[in-house]
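There are 2 protein chains.
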Amino acid sequence: MRLYGVIEDIGERKMSTVKVSHGGTISSVEVEDGVSLLEAVSRVKDMHVDASCGGRGTCGKCKVKILKGDLSQPSGSETRFLSNKELENGYRLACMVPVTGNIDVLVNGINAHSRILTEHNGFSGKVNPIIKKKYLVLPEPSLGDQRSDLSRILGSIPLNNPLVSLSLRQKIPTLLRNAGYSITAVFSSDSLISVEEGNTENLNYGIAIDIGTTTIAAYLLDTNTGEILDTISGLNSQKVFGADVISRIEYSMQGTGKLELLQNKIVTQVSDLCIFLTDRNNISRENIYSITLAGNTTMLHLFYGIDPAGIAVAPFIPGFLGAMDLSSSAFKDFPLTCTIYSLPSISGYVGADIVAGILATRMHEREELSLLLDVGTNGEIVFGNKEKLYCCSTAAGPAFEGAHISCGLGGIAGAVDSAVLADDHIKCTTIGNEKAIGICGSGIIDIVAVLLKSGLVEFTGRIRDVDEVEDSTAILLKKLKIDRDGPAFMIAKASETGTGEDVVFTQGDIREVQLAKAAISAGIFSLLNEAGRSLSEIDHVFIAGGFGSYLSRESAAAIGLIPSELLDRTEYAGNTAGLGAITCSLSEESFKDCKKITELTEYVELSSDSFFNMKYMEEMVFPEY
Amino acid sequence: MRLYGVIEDIGERKMSTVKVSHGGTISSVEVEDGVSLLEAVSRVKDMHVDASCGGRGTCGKCKVKILKGDLSQPSGSETRFLSNKELENGYRLACMVPVTGNIDVLVNGINAHSRILTEHNGFSGKVNPIIKKKYLVLPEPSLGDQRSDLSRILGSIPLNNPLVSLSLRQKIPTLLRNAGYSITAVFSSDSLISVEEGNTENLNYGIAIDIGTTTIAAYLLDTNTGEILDTISGLNSQKVFGADVISRIEYSMQGTGKLELLQNKIVTQVSDLCIFLTDRNNISRENIYSITLAGNTTMLHLFYGIDPAGIAVAPFIPGFLGAMDLSSSAFKDFPLTCTIYSLPSISGYVGADIVAGILATRMHEREELSLLLDVGTNGEIVFGNKEKLYCCSTAAGPAFEGAHISCGLGGIAGAVDSAVLADDHIKCTTIGNEKAIGICGSGIIDIVAVLLKSGLVEFTGRIRDVDEVEDSTAILLKKLKIDRDGPAFMIAKASETGTGEDVVFTQGDIREVQLAKAAISAGIFSLLNEAGRSLSEIDHVFIAGGFGSYLSRESAAAIGLIPSELLDRTEYAGNTAGLGAITCSLSEESFKDCKKITELTEYVELSSDSFFNMKYMEEMVFPEY
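The listed protein sequences correspond, in order, to chains X and D.
Position one of the first sequence corresponds to residue 46 (my numbering), numbered consecutively onward.
Position one of the second sequence corresponds to residue 46 (my numbering), numbered consecutively onward.
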């Protein structure tokens, strides 16, 4: 997925101006002719590109209205996704329109409403970036001061015996003389990273990235001030090779070159995101000194090209777990020269994203007991306080990410994202107020909660027969549909949907949710059991991950995903993996704290835990209403 | 100079057997047809190849006698260097003879008498190699022991947080499983370097190299036992770009690519020597884990491709001075995967070779005061004891290396290497008892000593007129020659030399020697002055370098190069630079000691030292006889 294609050679190419109206403001970008309108629009700052199809014209979600400008004929995929009326009114799919002259374009739903995993509570600590810059006016050499060029520099920065790469050593003598001994040293706690002519102290940028199995979120940081300058997210480009961790690993094992292919995909995507962020913010690539990665254990293995096969089968052994810092030159053709840091992981299924989450929520520093829930394909759970943390991973299945659900979807425009019981029907909303095209995680939980509360589904998960339900809910049954696969609830009829097909929620879907919620809640109880603690002792519950941010706490408690007594202590922590990566980039101490976190945290292996297995069976049922 | 050409692809090529008779033993080597006989011979263990012309047929020194075997017709260069009688008797130049079938060859003077800079007192410390191996039978992973593959290994070696390269991390998971968790870890004090299947503890080799401006010496080491398995030396392949440090630096400044060219030359030569040593000793390249380099500051700059320009002009600032350890992967296409270490230097003109010399002579650990003299183009001098060391470099000029001397030569076969006053003539010897072709350093000093002692030259350096000398030496005057350039001594007449031209020693040559010896002895006095010490307090004098090893101490004292009162305390220390590099390879502590040595040693800059300048003028005269 190279949505963020970067034109390196702009030589003689014609440039055009694209004026983008969005949310009441107009932004203007200069682009090279031939670039897609989607790419042009995405260069506007704060415009978040939902890259669900990667700009291939297959998702139909980048609809824009052309206000002015010559355009090509609509493509086949545009006539499929857009009505004749829309086409007449100037609507087009931005990814299908090549810029060949000046264009004025109105951007509405395109991204404003798509869910991006870039929200969090922000970095609030003391800024002490992992990579520092210091302007130095060095004494010129003389017969009385014959220190080497390198020693002259190192004598003025607060490091003992830092590492210095050969290429930097090669660069220093000429640079020092050209600069008249006024230079800016760029360094981390153990390396002299670069030397620049003159005073460039104010140009110190880093990029923090959370590599999720499904989504990647990247944050451009001014590491001097701690400000988050820009963010971008997209679907993990490895997704076509498998939706979840296990299928990615299995793909990597399919023969020679597969692991390298997966690595190449994600490394390219990371570098594309970085270049995109720097270009969009007019920041020189040379002033990006660090990329700080969080991600689950498997995603980091794939990024580094380290065989993750051992993670897939018992006893679930990863190749590595520790933090890494590596010159980007270790990656062939990487377009930035910087240090790539990654946070350490705890086990094969409790990765650096969770360490980042602990860091972001500071639960490793708290006196009180807290619980961190990161619910995705796996549900990772952490429990404890600054004395000791326990963690586990439960194979929740991807139900809460919309997978294995008949009309399930990720958090994209058109996904049903909430449901409430109205007077006579289930009232749903969709992301971007688009026509429904499926149901995402928060919608799934809301729907199950509604069905349970209204008595349409009993606590065992069985959809009740029509004659079993009370009058007050009978109206709802109008929406019930029965087909070959058994009973199902009609969420949106074909005539009302964006796909032209029914959006339904089936008995099978309810079973998937049961399995998933049982795994999570049994995991919570297992950690409590391990720690010898009870629910009532928990002071905070942090719900992490993109899913968590949109989840209704009440619905989560209603279906038993979170014990209902914790409801008043539950807060959304946002993308804690992203925030943890940001925190490490902005705070050297925090990066070091990650190691302490891994030492403080005991991994509880649930697959061999009889208490968990018992609890898992118990928690398969929903609360009774 | 790719004398040591290595045939990578031996595919279908025909092999022949070369039987080499040398010093009473016969060695047999298998070589690919087409390889030169010189290369075949050089593959015999302990056969030192003098590579003065690089196998191009221009020095005529690789004369061998063919005992049996079909041969090609003599080349033009052979008919030039060999008499008809020699050709009839089967003599050939080995470099000009391609092996095309089985050959029996007698090797006599070829190398046995050529001077190689590989002699020294040997390593005598406790072997604790800089790179260690440890065989590990690791516990297999289980649900109760879910450490990562990497942690499982690191948990069994005595290192905290060692560096591990990305490529090794990528290799470990598969290797560990293939090896059934029985592996050998290869590590240094701060890095896990490699992991090998099974027990390979006994295969631990390193190569120590002294990169001299003129000569390179390489030592193959069994770093488990400390044994020096093999040695080889050759002329520095950069020599065509300048004989001395300054001319090399000047060449590097001549434009784009020149520094890279010099770097490429020396890196290629180092790797060729390494490959040659491993192949000749049937050691796998994979089992060479370290290359440890000593060399002067400029040679190390050129090896690393770091601009040495600052060294050439006041205030003589090098790019770097510290020790380095670097993966060989930092060098493009380097044929070994190992760590390249280099010793630290003290200043632009007191390099790692001198640090190695201090280490080898242990003068930094001695209570008594010692003096280290390394005489080459520059004379480096170190004085002091374990409390404090002083060092300097004097621009002695290359006279003692045979340069700037009318018939001067390096220490190659045919060079006059000693001279004594016989009854009625100056009796000279040559290296390898060949016909004289010139005079090397030790010969130059002997000749000057003889001339001074016999009164043929007065203490001012002037060659006396015939009527000034006493009867007893008159006979010597028969050898005196006078040409356009003034008076000169005939050392060997054209009819007796290997070149067909006179070998002479001129008034100008004597002046060169005066300048050189004045620089050295003034340097010695300057260090004594700096330290507030006197000659009589010196306990040891170490003469280092290839030149030193063949020098007559008496002659050196006779010309005033060494103060005569130190004569009884003077010893040849051999190639201390090589021994220092060997010592670092075999002893981690010694490598660390090098840093202490650089801190203990104060560099005295003579160019701005008025005491030195005064002494330099004083020492220009020879002792009086």
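No wet-lab data here; the hints were simulated from the structure.
Idealized CB from N, CA, C, for every residue including glycine.
A hint or two may mislead.
Heads up, incomplete: computed chain X residues facing chain D, CB under 10 Å, no partners named [to be verified]:
id, residue
1, T70
2, I71
3, S73
4, V74
5, G189
6, I202
7, P218
8, H346
9, A375
10, S499
11, G500
12, E503
13, K640
14, L645
15, F656
Derived list of chain D stretches under chain X, where covered just means 3 residues or more per stretch with a C-beta under 8 Å from a C-beta of chain X [stated by the list, open to error]:
id, segment
16, 526-539
17, 573-580
To see whether the hints hold, each was checked on the structure:
For T70 (chain X), the interface hint is violated, the least distance from its beta-carbon to any beta-carbon of chain D being 44 Å, above 10 Å. For I71 (chain X), the interface hint is violated, the least distance from its beta-carbon to any beta-carbon of chain D being 46 Å, above 10 Å. Look at S73 (chain X): its Cβ only gets to about 42 Å from chain D, farther than 10 Å, so that hint breaks. Because the beta carbon of V74 (chain X) sits about 37 Å from the nearest beta carbon in chain D, more than 10 Å, this interface hint is broken.
Satisfaction of the interface hint for G189 (chain X) is found here, the shortest Cβ-Cβ separation to chain D being roughly 8 Å, below the 10 Å cut-off. Checking I202 (chain X) against chain D: minimum C-beta separation of about 15 Å lies over 10 Å; hint violated. For P218 (chain X), the shortest C-beta to C-beta distance to chain D is roughly 4 Å, which falls under 10 Å, so the interface hint holds. For H346 (chain X), the interface hint holds, the least distance from its beta-carbon to any beta-carbon of chain D being 9 Å, beneath 10 Å.
Interface hint status for A375 (chain X): upheld, as the beta-carbon distance to the closest one in chain D is roughly 5 Å, under 10 Å. A least Cβ separation of about 43 Å between S499 (chain X) and chain D goes past the 10 Å threshold, and the interface hint is therefore violated. Of the supplied interface hints, the one on G500 (chain X) is violated, with its beta-carbon coming no nearer than about 43 Å to a beta-carbon of chain D, more than 10 Å. Checking E503 (chain X) against chain D by beta carbon gives a least distance of about 37 Å; that is not within 10 Å, so the hint is violated.
Interface hint at K640 (chain X): satisfied, since its Cβ lies 9 Å from the closest Cβ of chain D, which is below the 10 Å cut-off. At about 16 Å, the closest approach between the beta carbon of L645 (chain X) and any beta carbon in chain D exceeds 10 Å, and the interface hint on this residue is violated. Here the hint on F656 (chain X) is broken, as its CB sits about 15 Å from the closest CB of chain D, past 10 Å. For the segment 526-539 of chain D, the proposed coverage by chain X is not satisfied: 0 residues have a C-beta within less than 8 Å of a C-beta in that chain, short of the threshold of three.
Only residues whose beta carbon comes within less than 8 Å of a beta carbon in chain X count, and the segment 573-580 of chain D has 0; fewer than three means the coverage is violated.
Violated hints for the displayed structure, listed by number in ascending order: 1, 2, 3, 4, 6, 10, 11, 12, 14, 15, 16 and 17.
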